[in-house]
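K.L.:
Let chain E serve as the given structure and place chain S on it in line with the hints.
There are 2 protein chains.
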Amino acid sequence: MKVHVIGIGLIGGSMVLDIKNLHPEATIYGIDNNESHLAEAIALGVVDAAATFDDLATSDLVIVSVPVDVALIVLPKVLDVIGDNTIVFEVGSTKSPICEVVANHLRRRNYIATHPIAGTEFSGPSAAIRGLFEGKTNIICEVEKTTFKLQEKALELFKSMGMRIRYMDPKSHDKHIAYVSHLSHISSFMLGKTVINKEKDEQDIFDMAGSGFESTVRLAKSSPAMWTPIFKQNNKQVVKTLEEYISNLSKFKELLENEDYDAIYNEMQSVNKIKEILNGMHIKK
Amino acid sequence: MKVHVIGIGLIGGSMVLDIKNLHPEATIYGIDNNESHLAEAIALGVVDAAATFDDLATSDLVIVSVPVDVALIVLPKVLDVIGDNTIVFEVGSTKSPICEVVANHLRRRNYIATHPIAGTEFSGPSAAIRGLFEGKTNIICEVEKTTFKLQEKALELFKSMGMRIRYMDPKSHDKHIAYVSHLSHISSFMLGKTVINKEKDEQDIFDMAGSGFESTVRLAKSSPAMWTPIFKQNNKQVVKTLEEYISNLSKFKELLENEDYDAIYNEMQSVNKIKEILNGMHIKK
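Those protein sequences? They're chains E and S, same order as listed.
Take the first sequence: its position 144, counted from the start at 1, is 145 in the working numbering, and no numbers get skipped.
Take the second sequence: its position 68, counted from the start at 1, is 69 in the working numbering, and no numbers get skipped.
Any given hint could turn out to be false.
[Claimed, not checked] Here chain E is said to cover these stretches of chain S; the calculated rule only asks that three of the stretch's residues, wherever they fall, bring their Cβ under 8 angstroms from a Cβ of chain E: (1) 47-54; (2) 78-89; (3) 111-123; (4) 271-278.
[Unchecked claim] Covered, in the sense of this in silico footprint (three residues per stretch, anywhere, with C-beta under 8 angstroms from a C-beta of chain E), are these stretches of chain S: (5) 188-195; (6) 210-218; (7) 241-252.
The hints are simulated quantities; they were obtained by calculation from the structure and are not laboratory data.
For every residue, glycine included, the Cβ atom is placed at its ideal position computed from N, Cα and C.
Only chain E is shown next, with the shape it has when bound in the complex (with noise of 0.2 angstroms):
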């Protein structure tokens, strides 16, 4: 099995880690812009050589793992390139972009559209782990528009990496993942902002930061070029999460003001039923 990454980070760094455990024959190869995170992924062991897409045409998987913009460019020439039987998956955290420009490709029925939903706030390289995909769940869009045999093919792989499979259209991914992942990493970001602004001595922080602090803030230390153009491919949908964010927090602060801790104490109340959704996360893993 020859498989090519393009792009070699967290993802599909994390993604032929796993294919090759699982398949030790097969021969990973990496094609990246960035001439250092190639010899670096190499070195580690995470792809076994370089390529250019003119090795594409003999590919049996592609997966394109490049920020959202990039993927807009890179995978109509990726499906420009292929061979017939060669199913490319594109993993990134919006959809209804890529699902568009490539609609009317001759190469469309190759390309699996998907978003595992899986990461950590590093990136790189380096940031690639097996079993990151372990218990996690797998978003495909349009899986009607891909060959059915391509798709047996790659739902087997999906699977035996651990993953859940749901399907949704393209505009139902991006409106609901802009509340649970684009939402959080904002909220986070701007709560960084909020706290290194105020602590200008950053002993402060770091003497009475605890466990609590450090969850709520940990994704701000996700990568500017990934999210950049994910808020930029999801724009409106983000603005609407954000407005109902900023909403909801002055409506607290407002209580606040108003002294009216029986209704902060409700406030909390409502929402703690989030323990019972996120223990229901776990236990259908």
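P.N.:
Just chain S now, kept in the frame of chain E:
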């Protein structure tokens, strides 16, 4: 050694578990208004036996670990009945009101105002765990108001639990902690609310929420009974942090509406230094 813990939850319970581990000869007595918590704490072996306020005269150490509004009533009562050499800790997340309420108490010198910055999102006796304070910071306020001999004993105990000690005046404590703890809780609760409100069908959250959302919303599992009085006592500071947070979120939303992606990139990049700050927290443990 006779130790009494008043309010046997996450903090008080974890503290006596450590004490029992470090001093196996110690007898741990529990006092709790909640009969079922008391019974549960005994059944779990967190405390050895139940006690009453009448027993405090012969206690070596009393730990007051109740919600901060209850502490304002309980701590003076405790100081009324303890012996000459009894040490009293109180471990709440606000320090100005409690320090004011006992400022002129005849036994002020037996009291150490502390805030061990440790915790999880769980509560009650079953949340108590050994080693919770290892590597964590303990803020002590107005240390000069405690008898030197009792200070020494308390510090020895905190250090044997693995805590780093920092001294701070109550007002500075309450101001700083609003940023690194109280605000995180509100940002998390309101994030949970925003998503729950949107996703009436909880299945959607559960299907699409990844570890990023889980981390950011973790604090929304926290106890409203504990947090409402904290927000009440630190109202002014919390409102101020919330204003700054809302203002930063609104500016970010404006950048999105104006499609100023260079500025969005720069915003995120400037907050990325939170990485080094959080790493510093761990290195200097």
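K.L.:
Each hint: holds or not?
P.N.:
Quick rundown of the hints versus the structure:
Counting residues of the region 47-54 of chain S whose CB lies closer than 8 angstroms to any CB of chain E gives 0, so the stated coverage by that chain is violated, three being the minimum. Under the rule that three or more residues need a Cβ within less than 8 angstroms of chain E, the assignment of the region 78-89 of chain S is violated, with 0 such residues. Residue count for the region 111-123 of chain S with a Cβ under 8 angstroms from a Cβ of chain E: 5. That meets the three needed, and the coverage hint holds. With a threshold of 8 angstroms between beta carbons, the proposed coverage of the region 271-278 of chain S by chain E holds, since 7 of its residues qualify and at least three are required.
Counting residues of the region 188-195 of chain S whose CB falls under 8 angstroms from any CB of chain E gives 8; the rule of at least 3 is met. Note: the region 210-218 of chain S has 9 residues with beta-carbon separation from chain E under 8 angstroms; the three-residue rule is met and the coverage holds. Counting residues of the region 241-252 of chain S whose CB lies closer than 8 angstroms to any CB of chain E gives 9, so the stated coverage by that chain holds, three being the minimum.
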